[in-house]
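Residue numbers (my numbering), protein chains in the order written: chain P, 1 to 807; chain C, 1001 to 1479.
Just so you know, the hints here were simulated from the structure itself, not pulled from any lab data. A hint or two may mislead.
Okay, the calculated bits of chain C under chain P, using three or more residues with CB under 8 Å as the criterion [as the list claims (entries may be wrong)]:
id, region
1, 1103–1114
2, 1148–1162
3, 1189–1202
4, 1225–1232
5, 1260–1269
6, 1450–1457
Using N, Cα and C, we set each Cβ at its ideal position, and we do this for glycine too.
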Amino acid sequence: MRRFFPLVFALVIPVVSPAQAPVNFSSDIQPIFQKRCILCHGPNLQASGLRLDSRAAALRVIKPGDSAASRIFTMVSGAGPKVMPPVGDRLTPQQVSLLKTWIDQGAKWPESLDTTHWSFRPIQHPEPPAVHDRAWPANAIDRFILARLESEQIAPSPLADLATLLRRVSLDVTGLPPTLEETAAFLNDKRPDAYERVVERLLDSPHYGEKWARYWLDLAHYADSDGYEKDLVRPFAWRYRQWVIGALNHDMPFDEFAVEQIAGDELANASTEQKVATGFYRNTLTNREAGVDRAEARFEQLIDRTGTTGTVWLGLTVRCAQCHDHKYDPIKHKDFYQIFAYFNNADEADIDAALPGELGPYLAALPDYQKNCASLLAEYEIPKLQPVWEANIRKAMDEPGKVLDWDFAVTAIRASLDHAEKIIRLAPEQRTARQHKALTDYFVRNYGPDIEKDAAVSAKLKDARKKLDALDESFPALTQAQAIEDNPQPSATHIHLRGDYKQNGAEVYPDTPGFLPHLPPGVKPTRLSLAQWIVSPENPLTARVAVNRMWQELFGRGLVATSDDFGTQGDRPSHPALLDWLATEFHQRGWSQKQMLKLILMSSAYRQSSRARPDLESRDPENIYLARQSRLRLSGELIRDQALAVSGLLNPVIGGKSVRPPQPAGVAELGYANSVKWKESTGADRYRRGLYIHYQRTTPYPFLANFDEPDSSLTCTRRRASNTPLQSLNLLNDPVFYEAARALAWRVENETHGSFEDRLNYAFELCLNRKPTPKEKDRLATYFHVQPDWVGLSRVILNLDEFITRE
Amino acid sequence: MTLEEFRKIQSRRNFFKECAGGLGTIALANLLEKDGYAASAQPSANPLAPKIPPFAPKAKNVIFLFMEGGPSQLDLFDPKPELKKWNGKPLPESITKNLQLAFIKPTAAVLASQRDFQKHGQCGMEISDYLPHIASCADDICLIRSMHTDAFNHHPGQLLLFSGTTQVGRPTMGAWVVYGLGSESQNLPGFVVLSSGVGTSGGASNFSSGFLPSTYQGTMFRNSGDPILYLSNPAGITAAKQRLDLDAIRDLNSQHLESTGDREIASRIASYELAFRMQTAGPELLDFSKETPETLEMYGVNKEPTRPYATNCLLARRMVERGVRFVMLMHASWDDHTNINTKLKKNCDITDQPAAALIKDLKRRGLLESTLVVWGGEFGRTPMCEIRKPEEADNAGRDHHPVAYSMWMAGGGIKGGQVVGSTDDLCFNILEDKVHVHDLQATILNRLGFDHTRLTYHYMGRDFRLTDVEGTVVKKLLA
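Please take these sequences and the hints and turn them into a complete structure.
Written as structure tokens, this is what we have:
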């Protein structure tokens, strides 16, 4: 920076007037038409007889060389009485001015335009551009960034100071702040590769998997409960989370990572872990409201699986094609149901997914358990009662409308027990052990109207239930997982007219969207082939979408800002060549996410100071040119992690079941009919990291919801960072944070024994990785003079904007 | 705006008022730029600042009395003497063919209502004997007997009512309204949710901001403990101590704002100041000591069984007075599959008097004109009977009925003293003036000054709106 454009700050650089720069139709004008006009003035609709997808037709409202006489300009600029577009935001002044200039320059509209949208074209392999300043770039990434900055005549920012950088990279990679020892080691490490060593240490940390898993769980829209009215707990949802953490920590190549989640069960000799990976698709909601039409509920789930597939792997809003052809992108109504068909061929399956160390105790206890179970069931005559009940249920299934009570029992079992109908129609000897247990467990809880009327028998069964529960409680059962597997008799898939479950159109078969490269000829269209197609080098989207999200997490904004939408309605990439270069690198580096992250983390662009640039406030308010880093508010989970870490409360155990830290009374009670129970975790479990907090969809943990934890109903590719008074109340008054303040005060008072100033330094270093400035010290000394209380002072520090921000 | 100018503004106390809220200041700067281009729009830095809707509004506030579970229109609002003839018999097959119900079969027997309906008010509106207080407001009420919806299960039905679709994840009515209109309260959230009874099927999804910024989501006022989560200081922290801490936080944040130049910190400072004001405004709102005994008695605040609902209704009026834009009162559950006579009576006894008092109180204070009150659930109930325990006397209830049911509205530019729509003699189908929930939503937005097709938000590749792709303003409802 010091050697770069030394005069930049001294000179006022004249901003090149748009009127002088030639405007390019395909990069500047067509995207405006595409995004704001084509819906009503294009192939689908020609409002007022106008279309803007061909020059000849558009000349009705465009007078080349004379913007003032062009009706399109009068309308979009708001100069006339009628304003276009009529819906949504007005065109920005920049867009209006581009349009004006383009018309005044003669409205040049190339004859042979490659109309293929940028993201559907093959990935290019661009060479990093040449730059004037050879010293600034730390790697090829920087040449792309710098070339753009140089063309804009903007100097990059100086690198962040080392302590800030260490805190930034620690939070970005592991989500945990650096310890005092780590800071001291880094600041004293004078080797030229000191920073690189830190990056490698962090990427090797098992906390890396936790940090990046949380991001992945947003995409998978993970939660620990079913959603909808009943919102039953999913006791083994966490097993998939465990898989994600492990896969990331082992740097599983992204193509394998994708294939296993989409179709791990279809791999040859699929391992348990590969099946667990398909839990990605088990994060769809399940509606167990008793009166629900089961087939329709499954349809909704498949809609979600199809939409999630489009967004997560391809960055496409395929869900728009549920009801009709996509209005902007070339995704046909039929394409949607062809992708849907891949998932229609699969069913939900719960599988044993033992973790290391579980099998021994399980097998050792199994014989006794089975014996006790059998004798308990026999004692309560369940082998006699259950078949009668089953027969009644089957009868009501076959002849509905006869006995209302049994109709109700059928509705209930269909809603609450997965595959109920299939299981109950199997002869007992044909049922698997799991099916046996599920049905018996269901029976002792829901024994049907006949037994309900018999007070003596129902009392006995209630007793049996308690004893069975106690037996199960003491039995070291294997961990299970939610997976999907192929249905040997898949049902046909139809287009659903207007997206309506009840309105079948033509039958369709699994296939990929027509506008993207096709499946290789002769390949059977299975989920596995879909997965392999998604990660094939020919697919122009997958790698771009994936690297863009990494970029977004490290800069706060993707190279394509709309990380959920790479279609024509999405933003264009700010640095298209860099995006393609990164996508190419991703392929060439064997889809290693850790290598890609390291590459980005090593760049000078990443290491810049995040200090605001007054010179760029109006030119680049959103920091698109990346002449600096950005200050990013931490996610709710990470804010919790910071508070626990700096106060010494954090329990850093990795993986395992979800936990329930304290939450105010009355929150869980908002769930349906007071059925949600929040049994507070005890002991060290109260102090686990944020990503392990139990996510009950209908009553989410208030702290996380306050800090923009996404609604887990749909996939989320980028979180917001809102700034609300409820957040302030939360940080100030939540007992969890007050406890952290007290613990931090304890550390300050017990781990240092010097002056006020020494202690204040210590507190600042713990929390912010720096010493206080003289001004801060003065202010807090005044505070301490009035109120000599380290708890209060700790509370102040934990509430600072800087504490909840990655700088 | 340069940083210099910004610092000047910052010194003005007013700044904090304008800057509090959820939107990043950088994004705001862009909005300003955009707004500056639009001649009519008043630029504002605060996403919750009051906004002027595109058309002259009739209503400024909404109080939605959400009767969760589906109250029986047959026993409350839509008398069907003809049903007595059918009592105990199945409906004709021509009506029930292809009918899908949540629990009962279409062949179930008809259950005639045992309620007594009398004409009320100058308009002669027929209302059930279970609702004597609401009946006394007949001339202010616009009763819609021709509501219909698409969903016959609770959660999807509630989602359709509040978010315009049966799927989870979209913004809800209150969020849309605050997104469109902002809030007039500087010290309270713009969209507040109150609840009584048990939890609802939809839970937080009924007042979620969906993909709108979370600033617009409904803030739940709780019935026990703090009305707003974490409103009280931790034990042992006095208001004076809280202020000391806040002053230190503000000053250190300001210093950091100086050194980083990140205006987001200014928003953070403003959020802390607003939080502190909420700590005062919250208890003031809950303090009924300045209400007259007559008012308290009118709502039924100090007696059972009205106490919880009366408290919420009175709070709703106090919130509207203090500028809260959208208040949602949930009462659960009206899902009377069994014992409909006793269960319905219980809910009516809890809610009838307070709801009527709310209308009367708003009216005498001149607030009803600008406050739209809506009463209703996610669907109605079947004319057919559901019996789960035939051996019990009076066990009969009703199943979900989305095809035809009743709701009512009052105030806020709605023409009172009229009944809109009618159903057939069996209360099975609508005869005239069908009002779909999307039409209701369109009408509510219309009264607030919006064209429902233009209150949109761009997300995941398209513009979304409350009414999805449907909805027509129901002209007959309008004053």
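Worksheet item: For the region 1189–1202 of chain C, does the count of residues with a C-beta closer than 8 Å to a C-beta of chain P reach 3?
Response: holds (count 7)
Fill in: Outcome, coverage of the region 1103–1114 of chain C by chain P - at least 3 residues whose beta-carbon is closer than 8 Å to one in that chain
Holds, because 5 residues of the region 1103–1114 of chain C bring their Cβ atoms closer than 8 Å to Cβ atoms of chain P.
Item to complete: Check whether three or more residues of the region 1148–1162 of chain C sit with their beta carbon closer than 8 Å to a beta carbon of chain P.
Response: holds (count 5)
Discussion item. Quick check: do three or more residues in the region 1225–1232 of chain C have a beta carbon closer than 8 Å to a beta carbon of chain P?
Written reply: Our answer is that it holds, as 7 residues pass the Cβ test (under 8 Å) against chain P, meeting three.
Worksheet item: Counting residues of the region 1450–1457 of chain C with a beta carbon closer than 8 Å to any beta carbon of chain P, are there 3 or more?
Response: Answer holds; 3 residues pass the 8 Å Cβ test.
Fill in: Within 8 Å of chain P's CB atoms, at least three CB atoms from the region 1260–1269 of chain C: coverage verdict
Holds, because 9 residues of the region 1260–1269 of chain C bring their Cβ atoms closer than 8 Å to Cβ atoms of chain P.
The structure fails none of the hints (numbered hints given earlier).
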